[in-house]
Structure formats: structure tokens, C-alpha cells
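Model the full structure from these sequences, guided by the hints.
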Amino acid sequence: MKVAYWPGCVSRGFTPELHGSMAAVAPLLDIELVELDRACCTGAGVIAEHNQELADTLNARTFALAQAVEGADLMMNICSTCQGAQSECQERLDANSEYREHVNGTLAAEGLSYEKGLTNKNFLWLLVEEIGLENLKQKVKRPLTNLKVGPFYGCYIVRPTDRLGIDDEHPRDHYLHWVIEALGGTVIDYAGVHKCCGFPIITMNKDASLTQAGRHLSDAQDAEADCLVVPCPLCHLNLDLQQPLAKKAVGRDDLSMPVLHLPQLVGLALGLEPKQLGMSKHVVKPTSVIDWSSAVVGAPVA
Amino acid sequence: MAVDVEAQPGMAQKPGPESFTLRVRRYDPESGEAPYWEEHTIELEPHRSVLEGLLQAKGRFDGSIGIRCSCKAAICGSCGVRINGQPGLACHTHLDKARASAQGDDGVIVVEPMGNMPVIKDLIVDMDAVHWKKIQRVTPWLINKQPVPEREYIVPHENMVDVTQTMACIQCGACVSDCLSMEVDPLFIGPAALAKAYRFVGDPRDAEQYERLKDLAEDPHGIFDCTHCFNCIEACPKGVAPMSQIMRLRRVTTQDHHIVDRNNGERHERAFVSLIRDYGLLHEAELLPRSYGGDSWFGKFHPAAGQQLLGSLPVLARGLATGKFTPKKAIFGHRIAKADLKAVKAIYDKVEGKPRRYELNLYISGYEDEPEPAVPAAVGAEDGGMPSAPGPDPHEPTSASESESA
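Residue numbers (the working numbering), protein chains in the order written: chain A, 9 to 310; chain X, 1497 to 1902.
Hint data in this document are derived by calculation from the structure and do not stem from the laboratory. Mixed in with the good hints, there may be bad ones.
[As the list claims (entries may be wrong)] Here are the simulated BS3-like pairs of lysine-lysine, each with C-alpha atoms no more than 25 Å apart in a straight line:
(1) X:Lys1568 to X:Lys1510
(2) A:Lys289 to X:Lys1825
(3) A:Lys293 to X:Lys1568
(4) A:Lys214 to A:Lys10
(5) X:Lys1824 to A:Lys283
(6) X:Lys1710 to A:Lys214
This one's a predicted model, so the numbers in the text were calculated from it and none came from an experiment.
Below, the structure is given as C-alpha cells:
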């Protein structure tokens, strides 16, 4: 399938391994990525906090660019925060035609216009709803047997449930669990699964932010997870890049929890090599995941 | 003439009583014993509430179960509990829905006291120790502008509509229960109290909006301590959306009153917003120094930035060492093409150049129409697009309104 692909900022900035692993995994899943390289940042909620109309207009511009991608089935992102920020703007734009026209009036200077009804899915949603778990299972070449994976969703992709289309038919707040299982791994449930990584307040209340990250990592480690998997690069920044500080914040010297991006976990199971997936770029080395002598996913592709 | 109601064709049969199992967390701190779980099976019609189930268990099996309740109609806000891990009102949760959302396959409904507050007994938490203390913290009354008019205040309709969402709060504490910032920082003023603060900040009759905002911005546990997790929005049984009110408080603080706080809240917002204007994409390495030292490339040399940045240097060093980013990326960042950057700047100029902000509050304006039924996903309108998410119930269509800041 062809998708208008919004990679976000951080996946091309401080977590380039996310963008790289998505590019490596996409062809294996028959996804054609048409990158929206003209679009700007979603604002991650901060621009909306500053000026709602500004955030709505900037995101409407991205939506309009996505709608202009010929033959694309939908728009896809690889960042929970992008999904949440875009869904919030889209909710307002779709709810009120007068407001939509008002925003489109600004976009008209560039010859762009957003039409109500864009489908925008995080890679996680696309995996379950478009590709399908059965299909995904059949593509697995190196099942994640015995790998104990803790899902970490990130707030923006699970709340508010009505805005994000989470209901009995679309239990999107359980998809990460399903994907881990489909790839042959074992799901580790721990207290932090649906909690906040703390990233948004890292500059305002560093202690609280790092304590949040540290607690979830500790909970996962205590529940004997080998690694966490995240569909959000901002969560990855606080859970991986900041882990040495988070560990101090919660007084856990023994903390060492590798954090994988979702496309990396999928890529490993589909037979890609850790290096191709940029797993050497993590601050906490994913040794427990890819150590050839002890691990599970390290085995050569069958 | 007597009509046999039972015999009416097409009329749905009223569902009879069914069995529901409640798993209640029991705890009496005065006993010195540890908390424990207790299961009771009750018989009620499925549309009846979890509160009615608890009261039946109390009446039939164990009169010592502690639960606070009064109106049984989602008005008084007394019976806040956690049901299957989610905060809410026991009287506002149907038994059948609670059973359907049970986490185990056995359909057992788990009822616990709310979080972030100490337990007095069983399902009763100490609202005074946390919730009400925080409400008091925000001066929850109107400070009249002087002179007070002889007769009533005349307030523009749109100003009062603006605060109706916060006025819907029934002080049940569900949002406080699951606030993730408060979980790590118990001093955080929290969602309910900050929503209450907007009630007065948004009221044109109040004389001390600047002082209120300055106070809440400068408090290290104030408006900039909210981590944006949406838990309070999800928890609220009344649609108050406390987090949205906190974001409005921030907006009015930074945009209308130009308050620069010591918690980096205003600087962080300004740095983020201007980095996107200048680069189109987030320049992560610049965000931190500008949040600490001010919104310019020289921000990092500001004394206020020094200590903070020193602490962040190991992080930067780790990123460079692992090859996460190159020195070039750390210094110059990444940006979108020139023509696109120009378009982004033009949007900024146009929107920010307006004398008044244009805001759409869906709580007030509602949703225009029903979401379209799900059809095969498509981006292009001519292919038949679909909304990405089913929306809430439709409301009366109304137009977007311009909101004037307080």
C-alpha cells in the first residue's frame, strides 16, 4: 500500500534510527512511503498551547499536502505525539466547516486546501488494521521467541479515547500487545504501560520528568522485561537517552532497560539485522535483545 | 381498557436481574492490618449502577464496606472510585458496561479507592487532605473589581460561555486520582484546582487575573508542571477537560500577560514556537538552551542556562558517542526547503498578526454532523475519505466563535 508518510522531526533529528528502521521495514510489509518532506512540525501540543489556530493551520497544511499525494491510501506517522497533536487539530477542522474554511483561507496563499476526512494512522494502527496480524505473522522470519517485551504506548496515542477512535471494535490501546505476540514475543504487563514518559516537562520540572521515566523503567525491569518497545520517539528520548539520569532520579543503579522503536522490533522479527535497524545508536545497548550467545532474537534468520 | 404490555409485539423485554461479582479493595488503616480483596456476588438489572451493586453488597453481606455516596445521579460527586482501574463515579457506571470492561476473563468488576489520595476506609479517600486543600490553593472565589456596581454586573455572554466548561465540575476528584504528574510530584496543584483557577481567570469580573496567573506560573508545582498526559480529560465524568483548561491558563499567561516564569514555561513555549517558524522542524539541540536561557542562539550563554546545560552535556555527549546525531546536526539542526519555510512563516505572520486569537472550543460549539461510516481508507477526497476516528455524539451546529482573552 502507498502512504503519505509523515516521519516527524525527532525521527530525523535525535532518533535517526527510527526513520532508518521504518525505511528498512516498509518494503518488507509492502508499504510504499511517500515522504511529506515539505511539511512542518505538528507542534507536539506546544504550538496549540501557544495559539490554537496556528497549530490547526500548520497541521491543515500537512493534511492538504498528504491529500495531494496521488494514489496514497492514507497518511501514516511513526510518532505517538504527532498522532495526538494531529488528531486534535483534525478533530476541530472536521467538526466545523466554517472554521475549516477559515483555516483554508490562510492555506489558499499556497494553493492548498484541506478537505474533511483524512485518514491518519500511526504505524502501529496501520500494522493491525491495514496489514493485519495474520499477514504480519506470516512474514516473520525470526520469531521473537522467549523475548519478554514491555509495551510503552505514550499518552498521545491512547488518550483521549474518543478523539483517537479507541472503542470495543478498535482497542488501539492494546495493539502493541497484539503486535508483540504476533511477532512471537511475550508481553510483559507492568504499571507504566499507558503512563507518561515525562518528556513534556523535562525543561520545567526535571526531577518529576526523570522520576516518571525511572519508575516505568524500574517497573518493567522488576517485571522481568528484556526490553521496552515504543511507538513514539519522544518517549524514546526520555526512556533511553535520559536513562542514565532517570536511573539516578529513582536511585536504581541496576537499571538497564533497552528501549526499541516499534519498527526496530518488527524489523528484527522480519529478519533484518540489528545494525540495519540502527540498534547500535541506542544509549542503553540492546544487549539482552541481540546478544548472540544468550538471546533469542540473535539467532540467524531461519 | 387494560392493555397487556407484555404482549405488545416489537416491544423489548425489560432485562431481569443478573449476577455480577464485585471485587472490592478493603482497607482500614486504623486496624493495622494490610489491605485485602473481598468478592461479593450481587443480583441486579444490568443497567443499574456499580454504586447500587456496592450498596446491595453492603446491605446483604457486609455492612462494614466503606463507600461515600449521596445523590446517586452523578451530581454530588461523592462516589468517585476506580472501576477496573479507571477512575469514575460508581453511580454513573452501569454494571453491564463495567463487566464488559473487566480486565480478567471472569468478568469480575474490580472496585478500588481513587489514587493520589490517602484511604480513610475501603473506598473512601481523604479528599480534604489532597483535593480540597489544592482547591483552596487557587483562591476559588471571585475577587470583585472595584467599585462593585450597585446592581448586577453586566458580563458579555461569550465570556460566561467561555467558563461554562470549568463550571461543570462536580469536585468528584476522578481527575486528581489519576493525575500522572501528581503521582511523581504530590505538590502539583493538579487538574481539578487548575480548572477551577481558569473559572476565575476567564471571568471578566475578577480583579486579579494577572496576580492569579503570576502565582500559578511561578509555583514550581503550578501550570507548567502538567505533563500533558490527558488522563484527567479521560477521567472526568462531566467533560470539564481539566488539561485543556491548564493549556488555556498557560496561553493567557504567556500571550496576554507576558509573564516570564522561573520554571522555564514561557521560555520553553517561545523557544519551541519560534524554532518551528525558523526551521520548520524541531531543532532539539537548540530547544534546551533556549528554554533555559532565552529565545535566541545566544540563549545558551545566559547564566541561567549554564548550570542546566552543564547537566545536559553528558546527554549530548552520549548522543554523539552512539552516533545518534552528528556535531553538524547538533549545531545546525535540520530544516525544510526554503520555499516551504517561507510558506510556514507566512502562516505564522498571518495568524499571529491578528489582534485577537481565534479559538474553537468543541465543548461549546459542538460537532457539525455524525462521523461518516467507515469505508476503505483513502486520503484523496475523490476516493472517498473517512474520518480517522469516530467522533463523539453530534451536537447542535454552531459557528466558531472568536474568543477574547481575559
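The hints, checked one at a time:
1. Of the supplied pair hints, the one linking X:Lys1568 and X:Lys1510 holds, its CA atoms being roughly 22 Å apart against a limit of 25 Å.
2. For the given pair, A:Lys289 sits about 15 Å from X:Lys1825 by alpha-carbon distance, which is consistent with the 25 Å threshold.
3. Among the hinted pairs, A:Lys293 with X:Lys1568 is inconsistent with the structure: their alpha-carbon atoms are about 54 Å apart, more than 25 Å.
4. The straight-line distance between the Cα atoms of A:Lys214 and A:Lys10 is roughly 41 Å, outside the 25 Å bound, and the hint therefore fails.
5. With a CA separation close to 22 Å, the supplied pair X:Lys1824 and A:Lys283 stays within the 25 Å bound.
6. Restraint check for X:Lys1710 and A:Lys214: the C-alpha separation of about 21 Å stays at or below 25 Å, so the hint holds.
Hints 3 and 4, counting from the list given before, are not met by this structure.
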